[in-house]
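Trainee: Read off the chains here:
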Amino acid sequence: MISKAVLVLSLASSALAFAPASGFLGSGIQLRQGSNRGGVSMKIELAPLPYDYTALEPKISKTTLTIHHDKHHAKYVTVANQMIEGTEMEKDDCTTIVLKAHKAANQPLFNNAAQAWNHEFYWNSMKANGGGAPTGALADQINKDFGSFDAFKTKFAEAGNTAFGSGWAWLSWDGSKLVVDKTIGAGNPVTEGKTPLVTMDVWEHAYYVDYQNMRATYVTTFLDSLVNWDFVAANFAKAKK
Amino acid sequence: PPAGGPATFAALRNDTGGVRAAVEAGFGSLANLSAAVTTCATGWFGSGWCWVVWQAQTEGLAVEGRANQDSPCMDPGKAPLLGIDLWEHAYYLKYRNVRADYIQAWWSTVNWTAVDARYRAAQGQRTGYLRDVTLISPLLARTAASPAA
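So the protein sequences, as listed, match chains A and B. Going by my numbering, the first residue of the first sequence is number 1, and it counts up by one from there. Going by my numbering, the first residue of the second sequence is number 242, and it counts up by one from there.
Simulated from the structure, these hints should not be mistaken for lab results. Ideal Cβ positions, reconstructed from N, Cα and C, are used throughout, including at glycine. Warning: the hint list may mix true and false statements.
Computed footprint of chain A on chain B, listed as stretches where at least three residues anywhere in the stretch have a Cβ under 8 Å from a Cβ of chain A [what the hints assert, rightly or not]:
{"#": "1", "segment": "282-290"}
{"#": "2", "segment": "325-331"}
{"#": "3", "segment": "334-341"}
Throw the hints in and build the complete structure from the sequences for me.
Mentor: This is the structure in structure tokens:
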């Protein structure tokens, strides 16, 4: 079990990791990087889950979180780091690597770096006893851009349920409004200049152990009971600056 | 134990009209073909299938990976002979993230009798039509007659 002190510390450092970075499309989203030892490479880091492996049970099992984080996510980080080793991207943050790979049409690097990005963002998009509804400025913006919170949920669920194959559902800020997108594979809205606010993994490995083919039930559960509106609100506040 | 696998391949008639001869001509051995498919399948990113196809253009076998639901029969002159499902739902409950173990086990389930029958059917439809690749299968004929929008 993670001790409360360690949990608070890791949440604090996660918050720092998401502090606005300078000069990068103004996105402000920067994933945790390895510590800069002696001014050499930074490398993409496999951040621990922001909660215990049992924290999301029974909605997402310990088994799923263990395999999903320690195998799938970990492998993307390892492979991406192997691919950037010895290149100038060793010193770049994950978002920069994702965008450089996209621009260079380097599909293998994009797949691994973006999946590393996406998974860390996904863990933080959830919390124990999540769900409920946003408040304040984010709630107002959702009402403005979708009509109502229920309309947003319908749209987000549809994105998750209709992403054919492996993919992700996103709520992002496009500079002037909120948008819901679905992406395939490792796709991430940063490649379109948007600022992601929350994501939901709909690769089958995200839900197959707990929901088998019933993706719709997983999607509903994500929205009703898992989504971390504090995280979304914090991302929105940074994005709107 | 599964009824498929390499033993059923070895039991196939080795005439020039059958898939066994085609595999040995194109890849040298079943082991080599298996290695090519395994490489394709292990490395495939996201949902999809790896296919063994017969190509009219080269009059030989080829291995190709395709995304999601895509099939080689979308291309003229290709007859799918064998496919391995790489969508995670095909293997996740039993193999979790270890796709390699699934692929390895899958080889012992392959129904070579069916693969051989498909190969012979593709050849048979080809016979008598000089380079008319659209007649490899009825589906391809329909596709050629009414190209996808």
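Trainee: Between the segment 282-290 of chain B and chain A, see if three or more residues pass the 8 Å beta-carbon test, and mark the coverage as holds or violated.
Mentor: With 4 residues close enough to chain A, the hint holds.
Trainee: Can you confirm whether chain A covers the segment 325-331 of chain B, using C-beta to C-beta distances below 8 Å and requiring at least three such residues?
Mentor: Per the Cβ count (3), the hint holds.
Trainee: Residue count check for the segment 334-341 of chain B against chain A: does it reach three with CB-CB under 8 Å?
Mentor: holds (count 3)
Of the numbered hints given earlier, the model fails none.
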